[in-house]
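These protein sequences, in sequence, are chains P and S. Per the numbering used here, the very first residue in the first sequence carries number 14; after that it's consecutive. Per the numbering used here, the very first residue in the second sequence carries number 18; after that it's consecutive.
No wet-lab data here; the hints were simulated from the structure. Don't take each hint at face value.
[What the hints assert, rightly or not] Using C-beta positions, here's what the derived DEER-type ranges look like: (1) P:Arg126 <-> S:Arg470: 22 to 32 Å; (2) S:Ala494 <-> P:Ala47: 20 to 30 Å; (3) P:Gly74 <-> S:Arg470: 45 to 55 Å; (4) S:Asp142 <-> P:Glu75: 55 to 65 Å; (5) S:Thr147 <-> P:Pro163: 53 to 63 Å.
[As the list claims (entries may be wrong)] Sample of chain S residues lacking proximity to chain P, with all beta carbon distances greater than 12 Å (derived): (6) Ala72; (7) Ser347; (8) Ser402; (9) Tyr590.
[To be verified] What the simulated footprint calls covered on chain S by chain P, stretch by stretch (three residues with Cβ under 8 Å from a Cβ of chain P suffice, anywhere in the stretch; the number is not a length): (10) 124-134; (11) 533-540.
Quick caveat: nothing in here was measured; it's all calculated off a predicted structure. Just so it is clear, CB atoms sit at the ideal spot from N, CA and C, and this is done for glycine as well.
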Amino acid sequence: MKPAHLLLFLILAWGSAAGAQEVVPARLAPWLDATADRVVDRAYVPSAESKVGEVRILRRGEATVVETLLYTKVLSRVVGEIRKKELANWPGNSDAARYIETLERVQKQIWSRMPTNQRGTDRRQKLWIDFVVAPGVAFVGVGAFEMEEPRGEVRLLRRELLALLEPSPGYVWRNQRLITADAFHVEDAAVAPLLGPLP
Amino acid sequence: MTWLLTRGRVPFLCLLLALTLFFAYHAVQIGVETNNESLNTQEAEQTASYDRFKATFGSDEDLLLAVAHPKLLDREGLELVDALTTRIARIDGVRRVFSLSNAQQIVSGESGAEMAPVVALPLADPALATRVQAVLDRNPDFTGIFVSPDRRVAGLLIEIEDRPADERYRAAIIEALRGIIAESHADGVSLHLTGLAVQKHDVSAFIEQDQRLLMPLAVVVLALVLAVFFRNGLGVLLPLAVTGVTSAWTLGTYELAGFELNAITGLLPPVLMVLSLPVSVHLIQGWLDAPAASTNRVSRILGVMRWLIFPCFFCSLTTALGFASLVTSSMPAVRQFGVFAALGVMLSFGVGMTLVPVGLSFLTPPAAALRSPQHRLLRRLLAASARAASEHPWRVLAVFSALTALSLAGLPFVRNNTDLVRFLKSDAPLYRDTLFIDENLTGSITLEFVAARRDGAPLTSLAAVRSMAAFEQAVLAREHVTGVGSIVPVLRQLQRAESQGEQLVLPGNERDAAYAFDLLEAAPEQDLIRKLIAPDFTSARFNVRVRAVGTAIVAPLADAILADGRRLFGDAYVVTATGALYQVAQDSNRLVASQLSSFGLALVLVVIAIGALFRSARLTFIALIPNLMPIAWTGGLMGALGIDLSTGTAMIASAVIGVIVDDTIHYMTDYTRVYRGDPGEAIRHTTTGIGPALLLNNLVLVLGFWVGCFGSFKPTIYFSLLSGITMITAMLCDLFVTPACLMLFDRRRAGVPA
Numbered sequence: 014m015k016p017a018h019l020l021l022f023l024i025l026a027w028g029s030a031a032g033a034q035e036v037v038p039a040r041l042a043p044w045l046d047a048t049a050d051r052v053v054d055r056a057y058v059p060s061a062e063s064k065v066g067e068v069r070i071l072r073r074g075e076a077t078v079v080e081t082l083l084y085t086k087v088l089s090r091v092v093g094e095i096r097k098k099e100l101a102n103w104p105g106n107s108d109a110a111r112y113i114e115t116l117e118r119v120q121k122q123i124w125s126r127m128p129t130n131q132r133g134t135d136r137r138q139k140l141w142i143d144f145v146v147a148p149g150v151a152f153v154g155v156g157a158f159e160m161e162e163p164r165g166e167v168r169l170l171r172r173e174l175l176a177l178l179e180p181s182p183g184y185v186w187r188n189q190r191l192i193t194a195d196a197f198h199v200e201d202a203a204v205a206p207l208l209g210p211l212p
Numbered sequence: 018m019t020w021l022l023t024r025g026r027v028p029f030l031c032l033l034l035a036l037t038l039f040f041a042y043h044a045v046q047i048g049v050e051t052n053n054e055s056l057n058t059q060e061a062e063q064t065a066s067y068d069r070f071k072a073t074f075g076s077d078e079d080l081l082l083a084v085a086h087p088k089l090l091d092r093e094g095l096e097l098v099d100a101l102t103t104r105i106a107r108i109d110g111v112r113r114v115f116s117l118s119n120a121q122q123i124v125s126g127e128s129g130a131e132m133a134p135v136v137a138l139p140l141a142d143p144a145l146a147t148r149v150q151a152v153l154d155r156n157p158d159f160t161g162i163f164v165s166p167d168r169r170v171a172g173l174l175i176e177i178e179d180r181p182a183d184e185r186y187r188a189a190i191i192e193a194l195r196g197i198i199a200e201s202h203a204d205g206v207s208l209h210l211t212g213l214a215v216q217k218h219d220v221s222a223f224i225e226q227d228q229r230l231l232m233p234l235a236v237v238v239l240a241l242v243l244a245v246f247f248r249n250g251l252g253v254l255l256p257l258a259v260t261g262v263t264s265a266w267t268l269g270t271y272e273l274a275g276f277e278l279n280a281i282t283g284l285l286p287p288v289l290m291v292l293s294l295p296v297s298v299h300l301i302q303g304w305l306d307a308p309a310a311s312t313n314r315v316s317r318i319l320g321v322m323r324w325l326i327f328p329c330f331f332c333s334l335t336t337a338l339g340f341a342s343l344v345t346s347s348m349p350a351v352r353q354f355g356v357f358a359a360l361g362v363m364l365s366f367g368v369g370m371t372l373v374p375v376g377l378s379f380l381t382p383p384a385a386a387l388r389s390p391q392h393r394l395l396r397r398l399l400a401a402s403a404r405a406a407s408e409h410p411w412r413v414l415a416v417f418s419a420l421t422a423l424s425l426a427g428l429p430f431v432r433n434n435t436d437l438v439r440f441l442k443s444d445a446p447l448y449r450d451t452l453f454i455d456e457n458l459t460g461s462i463t464l465e466f467v468a469a470r471r472d473g474a475p476l477t478s479l480a481a482v483r484s485m486a487a488f489e490q491a492v493l494a495r496e497h498v499t500g501v502g503s504i505v506p507v508l509r510q511l512q513r514a515e516s517q518g519e520q521l522v523l524p525g526n527e528r529d530a531a532y533a534f535d536l537l538e539a540a541p542e543q544d545l546i547r548k549l550i551a552p553d554f555t556s557a558r559f560n561v562r563v564r565a566v567g568t569a570i571v572a573p574l575a576d577a578i579l580a581d582g583r584r585l586f587g588d589a590y591v592v593t594a595t596g597a598l599y600q601v602a603q604d605s606n607r608l609v610a611s612q613l614s615s616f617g618l619a620l621v622l623v624v625i626a627i628g629a630l631f632r633s634a635r636l637t638f639i640a641l642i643p644n645l646m647p648i649a650w651t652g653g654l655m656g657a658l659g660i661d662l663s664t665g666t667a668m669i670a671s672a673v674i675g676v677i678v679d680d681t682i683h684y685m686t687d688y689t690r691v692y693r694g695d696p697g698e699a700i701r702h703t704t705t706g707i708g709p710a711l712l713l714n715n716l717v718l719v720l721g722f723w724v725g726c727f728g729s730f731k732p733t734i735y736f737s738l739l740s741g742i743t744m745i746t747a748m749l750c751d752l753f754v755t756p757a758c759l760m761l762f763d764r765r766r767a768g769v770p771a
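When you get a sec, could you build the whole thing from the sequences and use the hints?
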């Protein structure tokens, strides 16, 4: 291989790897480790009968996490719905705009990984979104995952972080409440007992 | 028998009355079939295929209501469509109503394809018509179903629930819709209703209407004929009593067997009344014509019975065998008609041979045989026919053979055709409405096709989508096809919306094709999608709308479409045809084979019966000639007049052969009785002797069968009309051909008394 070609290959390979795998700052890494997650509650969206995903309230050490797991063949539609809600809840907000842009990018990334041969495959595209509020940090992680469904219950086998956002803590905290209220079909006042005290 | 005519008379009459009351009670309980099930064959594979289709895609009994409005796309017209849609959706038993006012189009949204109403509010918008017109132009698939090409007629597709246990809900829906139609009579506005459920409802209603009309009419006609001929009350009351008892017993048994009246068996009551008359007419005529010396009541009756019992039995037997041969039909309604007509004929023999003698035993025999002036005129005509047949037998045979040859030339023009619309009279609401919808909106009858992969895999691959689209286009190119409802147009609309383009195109690659099905799976309107493709996408429906034509066109069209399917999908797929119309087309295809087998069976049975009676191959052969000729003539007449071979007309040959052969049996029995070595003299004696009774019998049979011409269904009207015509021509053959054949072929027996 000529040196120029080798260089081009390395650039492309690095670019591809950088696009696929988000670099996690060391201070956030513990709050993205889901191995010891404790599920406090969960709700299927939009309903248990026709679910495209679920929202879970997790305790991850001292952090409170509102985790959205989407597993659907029409992920772009669901992301489109999230976009509508974000724009309605956060008109003109730059954090929301960045969040939407990130979601759409990750959705396309996941879609591009889908095999073109459709036969005999699980065509559901799987995306996770974590709104994490931990002592001293608040951030949003977005990624892909693999799962199994023993007795119809989703169990994560592998998570892959594809995007990391550090919007304002107020945005993260408020969105945790909005997502919980929407998914659990409760008033804003009833959200606090579900999420627990702020870390 | 003597006991029955003396001391046993009263107990016999009491028993007969009790039994008749029992059967009459059941006869009046006979219901009318509401679903036309017995008009479909029970061919196992065909039925299973149709059941699978209904289980996957739902009922194919959708109703179509057309709304003609001069300003349909303006506010006024669309408000009417919207009001009708809302009102009809509230009728109990209606699942959903699809119309312009609630139709959804697939458009490009922020995140891809999404649904949007065809008629977007507000209706007060002055540009409403332009807006709706633009949507309709952009979505050509709506034209035909929801709106006519000239935009003056809207279609409301009414999906009704499937309630197998409820026999009334369908009728209630139709009546409610007809009530709405009756209310809507503004200027230029008219409503028209069609659909399989309407047909089932109207057929039921017509059967009930026919029952109310045909039975009383048959009684009046028969009573008049008998009164004119016999000119005394006895000659009217006794045959009518036999008819009443026979009808009550047969129809009571029919009800006890669990059957309901259908379009074919609706003819049973008048036919039974007619078929149960001959025995009593012959007995009474014989009793009246008996020699003056036999004035003792009992001996006179016994003498007449001894003379008539064998010919009457064999006549009844051959008639019954003719009808019984219909048991080979694949259509339950035809089988029921044949079996119960045969049962009625044999019952009428038993009842006639007992009730008539018992009735006559109460009467004083006339001192001399009754002769009326009409009889003298008749006898002159009969004498002329006997002279022609005995003096010019070859000429007679030549003329009748030429007519038969001419008729046979017309046979190829008889078309095998069952027309579900035109089998009603042209003034029937369903007939008018169906043709209006057919002309203005879309084809009013539908063929159903289902495509699936042999390996059971889903049809979500690009190759499968392309095959389905190619099949759709091939079907649309077929003559008489007005539209094809399938998942393909939906996929085109989805792809246009997803790609944010303007052209209706199919997904261009494997991933897009798969994603289109993912979108379908997640779509909120699952009910509509499930009518087009199976939930697991393994089989797809093609609802082919066809102009209101008969099975002569539909059957080859279905075959051609199936051939298209096999060619375009290839060996990896299986394409099947099904649906109510396809069943009718298949049944129609089987008509000729069914008719030939039942006629063949009838002929064999009749030949055996005649052979058993005469014990002579020569006489059996002679008896066949005058009975095959009129059937050939009727076939030729059908060809010349363009009368189709359908469920009703296919029964004629089998049913009538057993009836018309009776006159031949009577004629030849009398001929052999009076034969003294001179065939010419025996012919003159026979023709003038039993001719009047044969003519009366024929007149009764013909007029009785023609009562069916006042029915509501063309197949049964043609059955009645052509059966009557066949009987008239058979009578002519019996008066000319039978004696001519006897002159020619029985001549070698000259000098040998029979």
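Practice problem: Starting from the hint list further up, note which numbers the structure goes against and sort them upward. | Solution: 2
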